[in-house]
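First to last, the sequence lines map onto chains S and L.
The first sequence begins at 151 in the working numbering and counts up by one.
The second sequence begins at 3 in the working numbering and counts up by one.
Derived list of chain L stretches under chain S, where covered just means 3 residues or more per stretch with a C-beta under 8 Å from a C-beta of chain S: (1) 313-323; (2) 666-673.
Calculated pairs, DSS-like style, for lysine-lysine (alpha carbon to alpha carbon, straight line, at most 27 Å): (3) K664/S with K612/L; (4) K671/S with K481/L; (5) K536/L with K778/S; (6) K356/L with K180/L; (7) K683/S with K555/L; (8) K683/S with K536/L; (9) K428/L with K180/L; (10) K778/S with K612/L; (11) K555/L with K519/L; (12) K778/S with K540/L.
Ranges of calculated distance between the beta carbons of each label pair, as one might list FRET restraints: (13) V405/S with L648/L: 38 to 48 Å; (14) Y331/S with M671/L: 28 to 38 Å; (15) L310/L with Q161/S: 45 to 55 Å; (16) R412/S with L648/L: 42 to 52 Å; (17) N593/S with A649/L: 54 to 64 Å; (18) S512/S with T170/L: 55 to 65 Å; (19) N368/S with V322/L: 32 to 42 Å; (20) A733/S with R268/L: 33 to 43 Å; (21) A783/L with N641/S: 41 to 51 Å.
Worth flagging that the hints you see were computed from the coordinates, not collected in a lab.
From the three backbone atoms N, C-alpha and C, an ideal C-beta is built for every residue, glycine too.
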Amino acid sequence: MLQRPLVVNVQVDLVLLLLTLLAFWTRLSQLSYPNTVVFDEVYYGQFVSLYMKRVFFIDESGPPLGHMILSLGAYLGGFDGNFVWNRIGAEYPSAVNVLSLRLLPALCGALCVPLIYLLTLQLRFSPLSAAGAAGLLLLENSLIVQSRFMLLESVLIFFLLLAFFSYLRFHSSPHSCCLRYAWLLLSGASSAAAVGVKYMGVFSYLLLLVMASVHTWNLIGDQAVSHLSVCVQSVCRAVCVFLVPVLLYVFWFYVHLSLLNRSGPHDQMMSSAFQASLQGGLSRITQGQPLEVAYGSQVTLRSSASQPIPCWLHSHKVNYPIRYESGRGSSHQQQVTCYPFKDVNNWWIIKDPDRQDLFVSSPPHSVRHGDVIQLVHGMTSRFLNSHDVAAPMSPHAQEVSGYIDFNVSMQAQNLWRVDVTNREAESEVWKTILSEVRLVHVNTSAVLKLSGASLPDWGFRQLEVVGDKLFKGSSSWTVEEHRYGTSQEQNDREAELHSPTHIDVNRNISFWAKFVELQWKMLTVKQEDSEHKYSSSPLEWITMQTNIAYWLHSSTNAQVHLIGNPVSWGVANLSLLAYQVLAVIYMLRRRRGFRDIPEDAWHQFLSLGCVCVGGWAVNFLPFLLMEKTLFLYHYLPALCFLFPLSPALLEHAHTHLLSCQAYRRALCVCVLAAAMSVFLSYRTFCPLTYGIPELSANQLEALRWKESWDILYRRR
Amino acid sequence: MGNTHRERFINLPLFSICRPSNFRMAKEECITQCSQAVDTLTLRNRKTTCVSSDIQKTSQTLSVPLPEDTQCTAGHLSEDDDTHSDGSSAQWTDSDNPSEESQSSVLLLLVAGLSFSTRLYRIMDPPHVCWDETHFGKMGSYYINRTFFFDVHPPLGKMLIGLAGYMTGYDGTFPFSKPGDKYDHHNYWGMRGFCAMMGSFLPIFAYLIVLELSRSHTAALIAATVLIFDTGCITISQYILLDPILMFFIMAAVLSMIKFNQQEFRPFTSPWWLWLVLTGVSLAGALGVKFVGLFVILLVGLNTVSDLWRLLGDLHLSLVDVGKHLLARVTGLILLPLFLYVTIFAVHFVVLNKSGPGDGFFSSAFQSRLIGNNLHNASMPEYLAYGSTITVKNLRIAGGYLHSHWHLYPEGVGSKQQQVTAYLHKDYNNLWLVHRQGSNNSQSGPPDLVRHGDIIRLEHKETTRNLHSHLHEAPMTKKHFQVTGYGINGTGDANDLWQVEVCGGHRGDPVKVLRSKVRFLHRATGCVLYSSGKTLPKWGWEQVEVTCSPYLKETPSSQWNIEDHINPKLPNISLSVLKPHFLESLVESHIVMIRGNSGLKPKDNEMNSKPWHWPINYQGLRFSGVNGTEFRVYLLGNPVVWWMNLASLGLYASMVVLTSVALQRGITMDQKRREHSVVLMRGGGLLLLGWLLHYAPFFTMGRILYYHHYFPAMLFSSMLTGITLDILLKSTDLLLRPPYSDWLQRVGQVVLLFSVLYSFYLFHPLSYGMSGPLAHEPGSAMAGLKWMESWEF
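Start from the sequences and build out the full structure, keeping to the hints where you can.
Structural data, given as structure tokens:
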């Protein structure tokens, strides 16, 4: 069958392989040590737990993908969410698989090393430079620390580097290559992932967009390409770099919202419709009824005094007897009672005294604390009324009736003021079930309440309702069943009252509505601006003036610190400066017509600056304008972009600037020395990076290279 | 003439390239005529048009020949003016041509006349204080009275207002205490008239700017018309406000910058220098009125940078020449404005030498300059002693005095004890008594001095409460502890004790009044008395929070000085308080201004205007009057104009995208289109940049924003409208064949003019005042004109 031999040609970049292995070794060895909660694990941990329990939460610090990745690790490790993340330094119980919690960030951190190697190669520098860049990243203590715990920076860096690498791969591959757009798609997807992990990713994504637009603009200007081809390519690029990331970003939220479907601690920040969509959220309480009572609402009013048997304010087409057994007279108006069974006669309609309508206007006009209302009995259309007539069983209190005008100069007194008693805890608005309301009679200031007595046979043994000026005892009512009345005619209304209430309108909130609401909340909720012992300002990061103590052993001096490798930070800063100086010189000289380097090298130099200096700038400069609490680890993405810069610049200098052989040799010696010192300082800070071995106080003091570093000693 | 002219021509790459093709199209006989005409071209007017009856085909590239008229006629918007009816002036001609010159000046006169008459009409109405006149009128009066005050804006605008008032006989006695106060006999027309004059220049400047940028009278007239008949621009110019003055300088800067750009081919001549210097002066003026002037500085700066970059790329210029250009610009656009700006402040400090309401915002040293201030030629006991009455001032700039009053912290904010705040005004409640630990000192003889390390108790003089702190969180800065007033008549508890430390001092050093920096360390908790600079909510009367900080960093926020010191038992010594150097005062007043600006936070209950409201004319500002019986003036842009501006922005964007894609794809365009694309990209781009620079920064501002902040941006937007609509109308021949395209163009211009005029007729009561029922009631003058629910007239 086989016409030709089945041959697999494999090319393995051994440098790449070696670097990857080293990266895995530095990032993954002894990952579960220390076996305690380290620094911000306490923050991300709570969200992981909530994911495991599928409880809804809002984290205003960033989109959900990062949390989901951490939770995925936890899920694979069989974490059940039953761990209280309350304190840094708390021991993990044996049931928690620490390795699985930390594995995914560490993997991402390790993969950054080969990625930066590939990225530098894509910028058309030599493998030696690429190895240099990867080496700097490999031996960067702060990145190792940040990767080895359940934190998100390494994930963010991974996606950022992947996005840039795959975009450059797309750009450099020949036009005929069919896999070309797959790289662009990968670039778009990883941008979306980066933005999904932290909002900071947006700025890198914007840089990528600018690069893509410039390249597309050049494509448009290329008159060798036909109009049709230009159109097709532009559209393809727009889809890959713009449409796909946007859709993916929304998709993270889709997953987030489908996973978290139970009510939780942050419910009350969301709209009631949103809460109703959560299991056990508002839906359990209001059962899908409208939350806010409005004019025209049809309600049943449950007395809070009649525990344990509930009863509802009730009326029926029977009047009070003209004379009671005791001989006292009554108003002979319609009875109002409290009835312990569900009944269509329990329905009342809230009416605005200034309006004739008995249906809810659009938009609904909510009833608030202090508003004056009338209550109309749904089936008989009598107004809830009270007047200075003694109540049947409790003569000291006022009778409450459904008003009938017998034309005996007994005016209707049917205005009631709404007094939301728990407005402090809930809100001024009268809410279904949640609000406790006292109904105060406007004319007499009496309060509608149960007297505690039962009516005799003429009142069907129902409970007596009176108006009482003594506020003693519970006199509040809550709306239990509620719907917005729609019918304008009495017949329709009766039919409406007979229909069941459980019209679940709210639960059908669409995903888009939820997404928009959640996103808006996340962006607008103000974080409490808090000082932190280890917070720092962005300008301190460049020179690494601060560190962060991540963990201290409970009894010994073993500790983990976020401290970068001072030598590589220095090298990175130096190369940043050198690039800018060189760029300014080149540009001014080119403007005056001097071509110092070949055009090809100039373009290489420009794209290096665009990715590295640009990447640094977009990941650093926005922090200068931010007002939130910032930490040293926020600088790490920016730092990563600087690492290819120094080897690339050295190579540039070696090929184009140093003509004399002696200079070149001197450069090589310098580079070797720098590489050695990077490695040595990495070794020096290893104990603070891995937390082992424990150091003595003197050794720790020797590691305090900067006055401003805060290294902890345990006095013994 | 011809020789110099050719030189200049070479330097005009774009136009000079275009021109030959233009002439190749021409008939044989007109070539001579044309070249004669070209010879007469000046640089200023690069439009190449021959006024010749024979060469219609040539002239169609730039102008629109009317079928019945063989002259090249301008398609400009001059149907309304009487100049057009003369016929002779409505021609496209070169500026050397006298008729062109006269036409240009006639149009300019017309614009000026309309502009001044609309702005000065009913300038005296209403005869009471409107809106922010209460501030700026008052501050003008302060200059006349020479009393020191504090304002968040630099002084030039208010100085000019004061000067205008002074020149017209206003004596500075009107208190301007609140909007609605009647002016009565006070002379206020000068100040209002001055602002209106400034505002009247805006349409004129707009006309000239657009004319320079587009070389089209039509575009210039559209821009000027839009501004002249915008009710918002009229209203904001008619009152004693900083905005007309600010906008005058902004527009003057842009105009002189563009004029300067036009001089690029004859550098270092006197007009070149003149426009450079004028640009610098206008920049200083703009910044001297409001910090919004920074945006126009940015615009000019960007323009200058690109200009220098172009010069650097010009290999005919030697590096020395480039250096000269650079130096000239540094001098004219940086050093000169800086010098003028500093001079403004020098004048400000020299004029205002009397103590006034602004003293408390400034440091003790600053206050010693002011006649009438208690620190001016002060004499008081030199060293702090027990039993003294003192005021304590925080050392951060614009830090207040340690203050307390009878009000308590509300429920839920720490413990419900008496408030202690920092207050920026001088007040009896700023006085504190210094007591020894424990006893009230009643010893006779000279009192002991307070020394570094001593433990003292500070008793508030008015309320006799002690300065107290405890382990409750502070109201705003949650990581700090609350500071309260506690105890009565000086009896308190151990939490009332504070250790005095002189910064940089040693144990036993006495505390110098005014000159020592003092820290107050709380004995019980070890925290340090701290002014966070955060404003307390309403319950704290919006004074500044005072806390006790557990972080013992040495910052000015935790350092205090003793300012007043009263102790009858000690001899007073005249303190030669170091009067601050002028530059120190300058820096200090700037920091105070910036603090003040960022302190203008929106209040919870106030309706806050959002930047996105502005271009859609969402809501205006009430200048005067609320209800139906009052004389009402409402600042609101003419909605037709504003919405047209908004639409033009979108139109402009799409036109630019189309043009630039076409250019990038190398699609061939004829001469006329190429010129349009240059005007659109260069001129329009500059205006769009101006609009963006004056609008976008507001989105990032945390301070309270008002509708009138949009007006500088609106000027740029209106000018852009002029260019955009003009080019759009001139591009009608893409749709229709001539002569129909010309008809369409004419119809478009007439409709445009008519709609602006008619809408002005409809909305003019907004500016000139209206009374009677509100717009939603029938019978109102504005009935049916409340097109948006959010307008409140």
